[in-house]
Amino acid sequence: MVRVRFAPSPTGNLHIGGGRTALFNWLFSQSQKGKFILRIEDTDKERSKKEFVDEILYSLKWLGFNWDELYYQSQRFDRYRMHADKLLKAGLAYVEKSPEGKEAIIYKVLPQKIKVQDLIRGQIEFDSSLIKDQVLIKSDGTPTYNFACVVDDAEMNITHIIRGDDHISNTPKQIMLYEALGFALPNFAHLPLIMGVDGGRLSKRTGATAISDYRKMGYLSEALLNYLLLLSWAPGDNRELISVKEAVKLFDIKNVNKTSATFDLKKLDWINNQYLKSADPEKLADELIPLLEAKHYINRDNFDRPQLLVLVKLFQARLPRLNDFVDWADFFFLEEPAIDPAAKEKYLSQDLSKEFSLFAQKIDSLDCFDITNIETSFRGLVAELGIEAKKLIHPVRVALTGKTIGPGLFEVIYYLGKERSKRRLLKWVK
RNA sequence: GACCCUGUCGUCUAGCCUGGUCCAGGACAAGAGCUUUUCAAGCUCUCGACACGGGUUCAAAUCCCGUCAGGGUCACCA
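So for the first sequence, the numbering used here puts the first residue at 1; every next one is plus one.
Derived by calculation from the structure, the hints in this document are not laboratory data. Among the hints, a few may not be true.
Once the Cα atoms are required to be at most 30 Å apart in a straight line, the calculated BS3-like pairs of lysine-lysine come out as [claimed, not checked]: (1) K138 - K108; (2) K254 - K266; (3) K245 - K267; (4) K138 - K115; (5) K35 - K245; (6) K354 - K391; (7) K403 - K266; (8) K344 - K427; (9) K97 - K45; (10) K313 - K216; (11) K295 - K216; (12) K354 - K430; (13) K204 - K258; (14) K346 - K403; (15) K266 - K346; (16) K391 - K346; (17) K422 - K354; (18) K391 - K403; (19) K89 - K138; (20) K418 - K403; (21) K362 - K422.
If you're wondering where the values come from, they're calculated on a predicted model, not measured in any experiment.
Throw the hints in and build the complete structure from the sequences for me.
What follows is the structure, given as structure tokens:
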């Protein structure tokens, strides 16, 4: 039975790199019909925070990673102590006293060659004479990372350790401890790191790093997962859009790339748009309701849901991020549209009183106010005036929406309604 | 500095294991055009890479060596 674990430290939010590590662990466990174990590495009492634990669990749930078991290292200190004492008794470790008289337990590193068979990188060799003695239990009684990690992975029967590249140099240290403790070695697989656009480590400087921030910005979890997947793995047939569900079937850890990848928001936006296009409008509406409410565009308990669904359908094909809807569709909710100054300059700087009032009259006199009739009357008007349709379409769009971009004009007029459309047009009639 | 990992279009990648079908394919971005209505949507086209140098071979992106470059790690943080 395959057992993998994701072991975040609650000293910060779940970030992109952590999310990606969780993804590959989860993917591997699912593809092997194994177990996915979550272990909170909260041995650092100073830096570990309950709020970060909550944030990490929340983000993992949002991504859809359900765990089979959950452990906290802070509840297992007696296990680490017990194994450290064992090494002490066996003469493989020694005690060192600090000037204040506190005792730490330190593992004595013996010179040897250590070989690791990495599932992604192949064989890696280390010379342990380059590694200094390793602290197992610090003088404050807490275990060090490498020690707690080995004890836990062994006691939790972890079969495959899938983690970031930055842990490669921890691997020989951990292997020595496995052997000293008499534990069987697990398999190792080191994923390439994700870099920021500046080539360095992904950091807040190079963009948001917390998974929850991506949710806040309006990315769908399916899209983020698809993007993260593509960052170091490809199904091999030139496909870019692949769901996690499909990936589970096709995944083979041997096909994971070795090269570190740069996190590129542009492609994430594109993938997100692809998912937004085919997303269920009902679900998108549910996500949007709190955002629209925050802007006071709607009242949660009293708004026209069918109307919102219509708007979602009108916009979803062109949104890079779901949140853009709030700004792009604002003119449906606001009493007066916010006019973009550049758009006004470009399309409303000349006097269109005659054209606007004629069009207002036209739509006012429509017996059947529907998209087809609105377009027919508009086409009739520009024919009468002898002008090109686009000479009037753009100014009308700006007057009604305040923007130069958006869905088709006649749909906008229809959903805005006869009265509001008229009022917004006549506002520009002198 | 030492040790370790990695090096295909600006970015993500396919191909590399099992050399020839690759004057290197796809996607994002960018640029151009089309769309009797805009657009961040759609369609079409264009630009653009095997890090460098040696070697092996009839033949190398693919195998070997070296160089260079980028990254990671060297904590009583995880």
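Structure-based check of each hint:
Taking the CA atoms of K138 and K108, the gap is about 15 Å. The hint holds against a cut of 30 Å. Of the pairs offered as hints, the one joining K254 and K266 holds, with about 28 Å between alpha carbons and a cut-off of 30 Å not exceeded. In summary, the hint linking K245 to K267 is supported, as the alpha carbons are separated by about 21 Å, within the 30 Å threshold. Between K138 and K115 the CA atoms are separated by roughly 28 Å; this keeps the pair inside 30 Å, and the hint holds.
Our distance criterion of 30 Å between C-alpha atoms is met by K35 and K245, whose separation comes to about 16 Å. Only pairs whose Cα atoms come within 30 Å are accepted, and K354 paired with K391 is accepted, the gap being roughly 14 Å. In summary, the hint linking K403 to K266 is supported, as the alpha carbons are separated by about 23 Å, within the 30 Å threshold. Our distance criterion of 30 Å between C-alpha atoms is met by K344 and K427, whose separation comes to about 13 Å.
With a C-alpha separation of about 22 Å, the suggested pairing of K97 with K45 holds against the 30 Å cut-off. Pair hint K313 plus K216 holds up; C-alpha atoms about 21 Å apart against a cutoff of 30 Å. Distance hint between K295 and K216 is fulfilled; the C-alpha atoms sit about 15 Å from each other, no more than 30 Å. Pair hint K354 plus K430 holds up; C-alpha atoms about 9 Å apart against a cutoff of 30 Å.
At roughly 24 Å between alpha-carbon atoms, K204 and K258 fall within 30 Å of each other, so this suggested pair holds. Our distance criterion of 30 Å between C-alpha atoms is met by K346 and K403, whose separation comes to about 11 Å. Annotation: proposed proximity of K266 to K346 holds, straight-line Cα distance about 28 Å (limit 30 Å). Between K391 and K346 the CA atoms are separated by roughly 11 Å; this keeps the pair inside 30 Å, and the hint holds.
At most 30 Å may separate the alpha-carbon atoms for a hinted pair to count; K422 and K354 meet this at roughly 14 Å. Distance hint between K391 and K403 is fulfilled; the C-alpha atoms sit about 15 Å from each other, no more than 30 Å. For the hint pairing K89 with K138, the CA-to-CA distance comes to about 18 Å; that is within 30 Å, so the pair holds. The hinted pair formed by K418 and K403 meets the criterion: a straight-line CA distance of about 19 Å does not exceed 30 Å.
As the CA atoms of K362 and K422 are separated by approximately 10 Å, the hinted pair is consistent with the 30 Å bound.
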